[in-house]
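With the hints as your guide, set chains D, A and F onto chain C.
4 protein chains.
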Amino acid sequence: MQGILDEIVGHVAPLCRQGEVASYIPSLGEVSPDKFGICVAMADGEIYGAGDWQEPFSIQSISKVFSLALVMSYDYDSIWRRVFREPSGTPFNSMIQLEADRGIPRNPFINAGALVVTDRLLTLTGDASVSIRGLLRLESGNPSVDIDAVVAASEADHGHRNASMAHLLASYGNLENSVDDVLASYFRQCALSMSCEDLAKASLFLARHGVAAGGTPFLSRNQSKRVNAVMLTCGTYDAAGEFAYRVGLPGKSGVGGGIVAIVPGRCSITVWGPSLGPNGNSMAGIAALDEFTARTGWSIF
Amino acid sequence: MQGILDEIVGHVAPLCRQGEVASYIPSLGEVSPDKFGICVAMADGEIYGAGDWQEPFSIQSISKVFSLALVMSYDYDSIWRRVFREPSGTPFNSMIQLEADRGIPRNPFINAGALVVTDRLLTLTGDASVSIRGLLRLESGNPSVDIDAVVAASEADHGHRNASMAHLLASYGNLENSVDDVLASYFRQCALSMSCEDLAKASLFLARHGVAAGGTPFLSRNQSKRVNAVMLTCGTYDAAGEFAYRVGLPGKSGVGGGIVAIVPGRCSITVWGPSLGPNGNSMAGIAALDEFTARTGWSIF
Amino acid sequence: MQGILDEIVGHVAPLCRQGEVASYIPSLGEVSPDKFGICVAMADGEIYGAGDWQEPFSIQSISKVFSLALVMSYDYDSIWRRVFREPSGTPFNSMIQLEADRGIPRNPFINAGALVVTDRLLTLTGDASVSIRGLLRLESGNPSVDIDAVVAASEADHGHRNASMAHLLASYGNLENSVDDVLASYFRQCALSMSCEDLAKASLFLARHGVAAGGTPFLSRNQSKRVNAVMLTCGTYDAAGEFAYRVGLPGKSGVGGGIVAIVPGRCSITVWGPSLGPNGNSMAGIAALDEFTARTGWSIF
Amino acid sequence: MQGILDEIVGHVAPLCRQGEVASYIPSLGEVSPDKFGICVAMADGEIYGAGDWQEPFSIQSISKVFSLALVMSYDYDSIWRRVFREPSGTPFNSMIQLEADRGIPRNPFINAGALVVTDRLLTLTGDASVSIRGLLRLESGNPSVDIDAVVAASEADHGHRNASMAHLLASYGNLENSVDDVLASYFRQCALSMSCEDLAKASLFLARHGVAAGGTPFLSRNQSKRVNAVMLTCGTYDAAGEFAYRVGLPGKSGVGGGIVAIVPGRCSITVWGPSLGPNGNSMAGIAALDEFTARTGWSIF
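Residue numbers (the numbering used here), protein chains in the order written: chain C, 1 to 301; chain D, 1 to 301; chain A, 1 to 301; chain F, 1 to 301.
Since the hints were made in silico from the structure, they are not lab data.
Where is the CB? At the ideal position from N, CA and C, for every residue including glycine.
Mixed in with the good hints there might be a few duds.
What the hints assert, rightly or not - Here are the computed distance ranges between Cβ atoms for each label pair:
hint : chain 1 : residue 1 : chain 2 : residue 2 : range
1    : D       : D127      : F       : Y172      : 56 to 66 Å
2    : A       : R17       : D       : Y24       : 33 to 43 Å
3    : C       : T296      : D       : A294      : 51 to 61 Å
4    : C       : W80       : F       : S178      : 19 to 29 Å
5    : F       : R81       : D       : D77       : 42 to 52 Å
Claimed, not checked - Residues from chain F that keep clear of chain A, each with C-beta distances beyond 10 Å, as calculated:
hint : residue
6    : D75
7    : E86
8    : T125
9    : N228
10   : D238
This is chain C alone, in the form it adopts within the complex (with noise of 0.2 Å):
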C-alpha cells in the first residue's frame, strides 16, 4: 500500500500545474499548485500517507458530509422534507434549479442545500460550526482542527451569491434561523483547516458501516449506506457521473483541492491537490483515485 501511494505521487505531479486553483477568495488563491498529498485509513486503524498528507488545507464543500451526517444523527430522516437526494445535473452554484422546485434544493451537497442543512444542525445545536467542529476533532483525533478566522471572513466578503441563494431559501420559508446567522455558520465550517490524515481518520466511520472511532455507533448502518449514496450520486457537482466512470466510489470534493472517497467496509481515502478543474474537482486529485482504485481493484462496482 505505501510503495502504491508513493508511486501515485509521483505520477500526477505533472497534473498539479493543470486547471486552476481557486481564487474567488484571496486566501485560497495563495496555495502552491504543487501540492499534492493522499492518505489511506483502513478500517481497522492502519494509516498510510504520501506526499503532503499532514498539510492542512481548507476543507471547504467536504465540510457539507459531516453538517449532513451530523443532521442524520440527531434527526433521523426529517431534513429530506427540506432538500431533495437528487443530482443536480447544473452548475454546482446554480439557482435556475432551487427556483424551479420553489425552495427546495436539488441535494444536501450544492450551497443551496448544505445551507438548508446548516440552518437545521442551527437549530439542532446552537452552532452548527462549532458542532462540525467537535465532531471533526473527535473522529480524527486531533483537538488542534479548527477554523481558519482569515478564510472565513473572506468567504463573507465575497458571499453575494451565497447571500442570493441564502434570502431565496428565505423568501420560499425554508430557513429557520436568520439569513445572516445561517451564513456565519456556514462560511465558518467551509473555513475548517485539516490534513489528509485528519479528513481520513474522521470520514472513516463511513467506511466503517456509521462505527466512530471510539467503537460506538455515530451513524446506523442504514444511515451510513445512505450518506455513500448521496455521496456518490451528487458530491462532484454536476461530474457525478463522471466520477463513478473513472472512480467507482463514493466521494466528496471541496474548492480547496481535497476530495474524500469510501470503500465501504474497507477504508476510507483522501487526496489533495489545489488545481481544480472545469467542474470545480482536484484534476491530480481524481486522477490519483483513479490509479488508486485501478491498482487495488476496489471499487463498488
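For chains D, A and F alone, kept in the frame of chain C given last:
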C-alpha cells in the same frame, strides 16, 4: 433466499394497485396491474424466483443497458464522444438538455442518448435490434426471446416525441444513419419481451465483472464496472438519487414495469410490476428491491 | 370623453371581484377590491376622471418608468450597458434569466433591472427615491405626493426575494452601491402613493414627446419615444404581448393595481383596480383600457 | 422622400459587408452581400424605391405575417387557442419554450408557431402556400410572384430542426394535418421570392387598417391593429425590444435579409440586405429603418 422472495411477493401486493400502468401505447396499457414477479440469479448459477417471474413482459428501456454494453464490447470508449454520462436532472424525455448541450445527450439511458447508442450499434452491426436480441437469447439461454411486433408497431404509431428527438440529433449531426432507420431499430429493441428469469440471467454478466454465460469475457472487468456506474447514476430517470438512497444498487428500469439491479460480484435481481410511480419506475418493484436489500444487507454502500 | 369614462366605470365594476388583491405585504392586502378609478390627461392640459380617480394608491412598479426616465435624463444611454431592453418571456420575478445572462437583467421593468436603474440613480443623485418623488411632485403639480412609510417598511420586511436578486447582481459586479442602500431606496420608490389624477399628469411628458409640465424638455423627443418603446415591449411583465394585442398602447402596471398608458402626441391614461389577474396586472384596469381604445379608436397600431 | 431613400442607400453600403449571409441552405448563401434595396409604399398608392428595390429575394419568415393574416381573415380568433402571442425571450428556433408550454408555441412568428398557423391554413384552404401566393400576387399586383422550387427543396433537405419541432407539436396534439404535409407547405411558403417593391405593396393593407389593394377590407380595423401589435412584440426574433427601441415600428424580418415595417395609417416600408447580425436580422436593413424613422419622425411612439 426463496423464503425472502416469497414474503416480498406477499408484502408488495397492496402496492400493485397504486400508481398507474403506462398507457401511451395501447398494448402496454392492457397489462394487469396485479402482476408481480421477482427473480434472483446468483453469480454461481443458482436461480430463485417468486410470483409471476416466468411471465414475459415488455422490457422497454431496460434494453438500453444491453445496447450500451454491446457498443462498448465492439468499440470500447468511442461512444462517449457522442453522449455524456451525467445524470440528467430533468424528466426522462426532456429535450431541454439536448438543446442546451448542442445535440450531445446527457447520458445513454435517456431516450436521446439511447437513440445515439442505437445509431452506433446500427453502424457496427447492420441491425441493432437483432444483435441485442442475439445477446439476450445467448445470455438468458432462452432462444424464444423475441420482439413483440404489435408493441413495436404501436411504438412507431405513437412515436412523435422520439421522432422529434431523432430529428434534433440529426440537426446537430449526431446520427450516422437515417432518422427512419434509427427509430425503427429503437422501437424494435424497446419491444423485446422477456420474463424476470430471462432478464436476471441475461444481465448476470454485470454481476460477474463482465464474464458471459459461457464463461468467457463479454466485457472487461473495467467496462463492467463502468456500465454499473452509469446505471447507478442514470438508470432510473430523474429518480436516480432516490433509488441509490433507498436501494443502494445499480439499476435500470423500464416503463413496462421491469427493473434490473446488480449486486457486483454476487447476483442480479429482476422485478416486474406494471404500475408506475411519478418518475416512471415500478412502485411495487422499488419497494421489493428496498426490502430485498434491507433483509440481505446487500448494498454497494 | 367624460361620458365614455363614466360608462367604463360602470362596465368594469363586475370585474373588480375577479382575480386577487396582492397580499405579499399586509398593507397592500387591506385595500378594497371594489375600488376603481380612471383618469385621462390630454396633451393640452384637459383632465377627465371617473370613479375613485382622486384616491391615492401604492404605485409600486409604475415607479420604474420614472426612475428610468430620470436616469436617461441625466445620463442618456449609458444605463444600457448594464441592462438589456428585451421582453423577459418569464414570470416577472424570475432569476433564471439573470443567471443565464451573467448579471445583466433582461430589461429595466423587471425587478432585477429596476434595481440596477435605482442603483444608477442613487449614484447620480445621492438619493433615488427622493429624486423620483421630486419629479412626481413637479409633474403632477401635487406637492403632497409622498412615500408611504408603512408600505416601505413592509416591503423591507418581506423583501427576501429582492434581496436575493440584489446580492446576485452584486455577485456579478452590477451594483455600484451597497446592497442595503439599493434595497432601501428601491422599497421606498415602490411605496410612493399617488392617485390616478396625479399619475396621469406626472406621465404626460411621455405623451408630449418629452416636454415637461412647465413646457421645457425633460426628455428629448427620441428619448421619450424610446421609453414608450420599452413600456410597450416590457411594461406588463410576461403579458406584454397580450397587452399590446388587446390595448395597443405602451403601458406600465404595478401590483398595487395601477396602470399607466400613453397615446403618443395625444394623452396619458391611468386606471386603478386592486384585483390582479394571473400575470400581476389589474383585471378591471386592462378591461377598461381595452374598452377605452376600442371606443376612441386611439391605438398606435 | 426619394432623396431620403437615395441617401440611405449610400449610408448603409459599408454595413453590407458586416455580419453574415445566412448559409444553412446553399441557395441562400450564394446571394451577394452587397445587394441593398429599400421601398416605401404610401397609403395613397405612391411608391418610392432605391437601390436593388426591384430585385426578387427569398422572403423566408416574412411569409409568416401573411399566413397569420390569412388565417385571421378566415377564422378570426380561434388560432389563439393553439399559439400564444407573447415575445419568446429565447433564440428564434428554440424548443425549450415549446416543451415548457406543453406544445403551445410562444407566438406565431417563431418557427413552431408558424408551423401551427400553416397547419391551420392547410385545413382552411387545402393548400397553404398556394393561398399565401395568391394573396401576395393580388396585393402586390404582380402575377409573377412565385415559389422558388430550388429553395423549397433545399429547405426540405436541411429541415431536421423544423421536422423535430413539427413532431414535437404533433406529440402534443397541436397539428391537424400530417407532419409531412405541414412541413412541405411551410418550406414552400418560406421559399416565396419577391422584390422590395412587391413586398411593400403586398403589406400595405397593414398600413391601411386592413383595407386591401382593391379597396375592400381584407382584415377588420381591429384585426389589422392586432397583427401589427404581434409584429411589434414578436416580429424580429429575440431582438424585438431592440427593434422597437431603435426603429419604433411594427416589423417582421426574414433570414433572406428582408424586413417589412409598417407606419399605421401612413405607409409600409421594405428593406433588403442579405448580411445578418447576431439575432438573424439584416444589419444594413435595421440601420436603414433607423435612419428612415429618425429623418421622417415617423414612429408609433
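_Tell me if the beta carbons of F/R81 and D/D77 are separated by a distance inside 42 to 52 Å._
holds (50 Å)
*Regarding the assertion that F/N228 does not contact chain A, is the least Cβ-Cβ distance greater than 10 Å?*
violated (4 Å)
*Hint says 33 to 43 Å; check whether the CB-CB distance for A/R17 and D/Y24 agrees.*
holds (42 Å)
*Is the distance from the Cβ of C/W80 to the Cβ of F/S178 consistent with 19 to 29 Å?*
violated (48 Å)
*Is 51 to 61 Å a correct range for the gap between the Cβ atoms of C/T296 and D/A294?*
Because 29 Å falls outside the window, the suggested range is violated.
*Over 10 Å to the closest beta carbon of chain A is the bar; see if F/D238 clears it.*
F/D238 is in fact no farther than 10 Å from some Cβ atom of chain A, at 6 Å.
_Assertion that F/E86 lies outside the chain A interface [Cβ separation over 10 Å]_ = violated (4 Å)
*Take the C-beta atom of D/D127 and the C-beta atom of F/Y172, compute their distance, and say whether it sits inside 56 to 66 Å.*
violated (32 Å)
*Beyond 10 Å from every chain A Cβ - status for F/D75*: holds (16 Å)
*asked:* Checking a non-interface call: every C-beta of chain A should be farther than 10 Å from the C-beta of F/T125. Is that right?
replied: holds (24 Å)
The earlier numbered hints that this structure contradicts are 1, 3, 4, 7, 9 and 10.
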